[in-house]
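Chemist: Chains as they are written, first to last, in this note's numbering: chain A, 15 to 198; chain B, 48 to 285.
Accuracy of the hints is not assured; some may be wrong.
[As the list claims (entries may be wrong)] Each computed EDC-like pair below joins lysine to aspartate or glutamate, with the alpha-carbon atoms no more than 16 angstroms apart:
#1 LYS87(A) - GLU92(B)
#2 LYS50(A) - GLU89(B)
#3 LYS158(A) - GLU108(B)
#4 LYS158(A) - GLU174(B)
#5 LYS50(A) - GLU66(A)
#6 LYS50(A) - ASP163(A)
#7 LYS31(A) - ASP84(A)
#8 LYS50(A) - ASP106(B)
#9 LYS50(A) - GLU174(B)
#10 LYS50(A) - GLU108(B)
#11 LYS197(A) - ASP163(A)
#12 LYS31(A) - GLU174(B)
#13 LYS158(A) - GLU104(B)
#14 LYS75(A) - GLU119(B)
#15 LYS87(A) - ASP106(B)
#16 LYS148(A) - GLU194(A)
#17 LYS197(A) - GLU92(B)
In short, the hints are calculated from the structure, not lab data.
Fair warning: this is a prediction, and the values are worked out from it, not measured in the lab.
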Amino acid sequence: MSPSDDIAPNIEELIRKVSLGNRAAFQLLYVRTSAKLFGVCLRILNDRSEAEDVLQEVFVKIWRRASSFDAGKSRGITWLAAVARNQSIDRLRTRRQFDENVDDAYDLEDDMPGPEALTVSDDEYRTIYDCLAKLDERHSRAIKRTYLDGWTYQQAADELEVPLNTVKTWIRRSLGTLRECMKR
Amino acid sequence: MSDPVDSDDVRWLAAEFALGVLKGERLREAQRRFASESAFREDVEIWQDQLSPLLDEIDPETPSPQVWRNIESQLFGKERKAGGGLWESLRFWRSFSLVAGTLAVASMAAVLVLPGTGLLPRTGGGEPLVATLTASGEAPAFLARFDPTRSRMIVRVAAGDSQSQARVPELWLIPGDGVPRSLGLLDEAGTGEISIRESIRELVRDGAALAVSLEPAGGSPTGAPTGPVVASGTLQAL
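Required output: the full structure, derived from the provided sequences and hints.
Modeler: What follows is the structure, encoded as structure tokens:
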């Protein structure tokens with residue numbers, strides 16, 4: 015919480031006003047969230063000027079697409095962070111196009127069921143931290159680093175020094191476990 | 048409408064897209080589905096919601112002020128409200144106050160309210176107003192919100208920068224006539240909740256400017272800003 019939190023409406027309300035074209039709300043939203051979103055971009059891109067570039071794209075997108083935010087479905091900061099993450103990952107993958115051909119075959123041969131469509135509401139799921147704690151340390155690390163640092167499966171395999179298929183299996187199995195855990 | 052998300056593969060795609068692990072053709076497929084299939088989008092959003100507490104591990108970083116300027120100029124182009132006029136007028140008032148200082152009453156309450164000849168009555172006085180106050184093109188330094196029901200101006204520091212210790216921040220209202228009216232002093236941290244006196248209540252409206260100057264203890268001795276103006280901004284309807 016920043017000291018300015020009591021002065022502006024909450025983030026959801028600001029996004030709603032932005033969707034109506036309210037520029038004051040847009041600027042407040044920027045003041046409230048730009049440092050966090052910049053942190054997200056910077057963590058993934060690891061390059062200040064590129065991250066600033068992407069942050070600009072992110073807020074342009076927020077201005078134009080605010081009406082697609084549904085306060086009934088997700089929290090405002092989650093929606094904003096998703097825009098920032100997706101934009102950053104998009105940029106990162108474009109930058110790394112050279113290795114694109116290496117790793118797109120989904121050659122997993124396991125019979126894990128797919129994650130079910132989730133219909134839990136906010137107050138029902140336990141925190142992801144409780145659930146990550148139930149995973150093997152390396153598995154939870156793989157989840158966290160892919161999420162926070164924008165690792166691909168290949169990078170995760172390289173960093174964790176395990177074969178590609180192993181890391182895919184870890185991550186999918188972990189996602190399945192997390193889904194079950196957070197559903198409870 | 049959208050295809051139902053029914054195959055395991057598509058569900059994994061949603062989970063992996065939310066996690067951010069995709070690239071190449073799979074990433075493009077996920078982006079396409081996210082843009083066009085509501086069931087897929089919902090699935091992704093649920094994953095995003097559940098993963099998002101991890102973002103607490105990311106420290107906020109302040110981007111360069113240029114980013115906001117770029118956003119404004121990309122989206123709003125030239126129609127952006129220029130702060131130049133306001134800064135000029137404050138500069139004028141500061142130089143004027145050196146001359147007129149001895150004549151001015153050293154009371155923040157005793158400001159002359161001029162008839163607002165330059166004021167365009169834009170909107171009624173019943174709406175909440177907000178302003179972000181920045182130093183010329185810098186990152187926002189203060190946020191101000193006018194609560195019309197209680198006739199109070201609430202000011203908070205937007206950035207963490209501490210103010211100069213020797214001086215106190217004073218909040219000014221500069222309506223359309225360009226004449227600054229002191230609203231009162233903020234505390235050392237730059238926050239405050241200031242009751243707006245009835246005599247200038249009408250001047251607090253959409254389009255009026257706010258500024259913060261650093262003044263000697265007790266406030267400007269002249270009734271106009273004498274110290275450096277550290278931030279300014281325009282009140283806008285929220």
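Chemist: Give a verdict on every hint.
Modeler: A quick look at each hint next to the structure:
1. LYS87(A) - GLU92(B): holds, 8 angstroms
2. LYS50(A) - GLU89(B): violated, 24 angstroms
3. LYS158(A) - GLU108(B): violated, 20 angstroms
4. LYS158(A) - GLU174(B): violated, 44 angstroms
5. LYS50(A) - GLU66(A): With a Cα-Cα distance of about 12 angstroms, the restraint between LYS50(A) and GLU66(A) holds, given a limit of 16 angstroms.
6. LYS50(A) - ASP163(A): holds, 15 angstroms
7. LYS31(A) - ASP84(A): holds, 13 angstroms
8. LYS50(A) - ASP106(B): Distance of about 7 angstroms is within 16 angstroms: holds.
9. LYS50(A) - GLU174(B): Violated: LYS50(A) and GLU174(B) sit about 30 angstroms apart, past 16 angstroms.
10. LYS50(A) - GLU108(B): Holds. LYS50(A) to GLU108(B) sits at ~6 angstroms (cutoff 16 angstroms).
11. LYS197(A) - ASP163(A): Violated. LYS197(A) to ASP163(A) sits at ~26 angstroms, over the 16 angstroms cutoff.
12. LYS31(A) - GLU174(B): Within the cut-off at roughly 14 angstroms; holds.
13. LYS158(A) - GLU104(B): holds, 10 angstroms
14. LYS75(A) - GLU119(B): Judged against 16 angstroms, a Cα distance of about 13 angstroms means the pair holds.
15. LYS87(A) - ASP106(B): Judged against 16 angstroms, a Cα distance of about 26 angstroms means the pair is violated.
16. LYS148(A) - GLU194(A): holds, 11 angstroms
17. LYS197(A) - GLU92(B): With Cα atoms ~15 angstroms apart, LYS197(A) and GLU92(B) stay inside 16 angstroms; holds.
This entry does not satisfy hints 2, 3, 4, 9, 11, 15, going by the numbered hints stated previously.
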